[in-house]
Amino acid sequence: HFCGWCLLDCGDSDAAHLHVATCSHQPPGADDVWGTLKAFHTAHKKRCRLKVAAYLEGFEADIRADIERESASLLRELEKEEEEEEEEGEGGEDEDDEEEEEDEEMEEVGGGDGGLG
1 HFCGWCLLDC GDSDAAHLHV ATCSHQPPGA DDVWGTLKAF HTAHKKRCRL
51 KVAAYLEGFE ADIRADIERE SASLLRELEK EEEEEEEEGE GGEDEDDEEE
101 EEDEEMEEVG GGDGGLG
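Numbering (this note's numbering), first residue to last: 1 to 117.
Worth flagging that the hints you see were computed from the coordinates, not collected in a lab.
Just to be clear, a hint being listed does not mean it is correct.
Unchecked claim - Pairs of lysine-lysine residues, derived as DSBU-like cross-links and limited to a Cα-Cα distance of at most 30 Å, are as follows:
1) Lys80 - Lys38
2) Lys38 - Lys51
3) Lys80 - Lys46
4) Lys51 - Lys80
5) Lys80 - Lys45
Said to hold, decoys possible - Simulated restraints on C-beta separations:
6) Ser13 - Lys80: 23 to 29 Å
7) Gly58 - Leu78: 33 to 39 Å
8) Asp31 - Gly11: 36 to 42 Å
Beta carbons are placed, not taken as given, at the ideal position from N, Cα and C, and that holds for glycine.
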């Protein structure tokens, strides 16, 4: 069992649920163990951006600049998708319907209980 926010291997279900409830990667508005599919995707895009940035720090400045230049379009796309998801989450007309659909999708992804742990 692992944390749906940070992917930490927690060992068993109880430990995973305890961790998920206090995970520092849990986005604002997530309810302890429960989250929407949209929040899950947004959290992982942010996590990916942070991991890529940390990885790039290991290179010399000139090499890092080359890598960033060559991958700029991919990194911009990742940021753009996250911004679009955040904007959609700021109160669209059918937000309740979308959340219900996401909850159903999350139940399918999470094996029925909808939890991220």
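Consistency of the hints with the structure:
1. Lys80 - Lys38: Holds - the C-alpha atoms of lysine 38 and lysine 80 are around 15 Å apart, at most 30 Å.
2. Lys38 - Lys51: holds, 20 Å
3. Lys80 - Lys46: holds, 11 Å
4. Lys51 - Lys80: Holds, at about 17 Å.
5. Lys80 - Lys45: holds, 10 Å
6. Ser13 - Lys80: 23 to 29 Å: violated, 36 Å
7. Gly58 - Leu78: 33 to 39 Å: For glycine 58 and leucine 78 the Cβ distance comes to about 20 Å; the hint is violated.
8. Asp31 - Gly11: 36 to 42 Å: violated, 23 Å
In the structure shown, a violation is registered for the earlier hints numbered 6, 7, 8, in ascending order.
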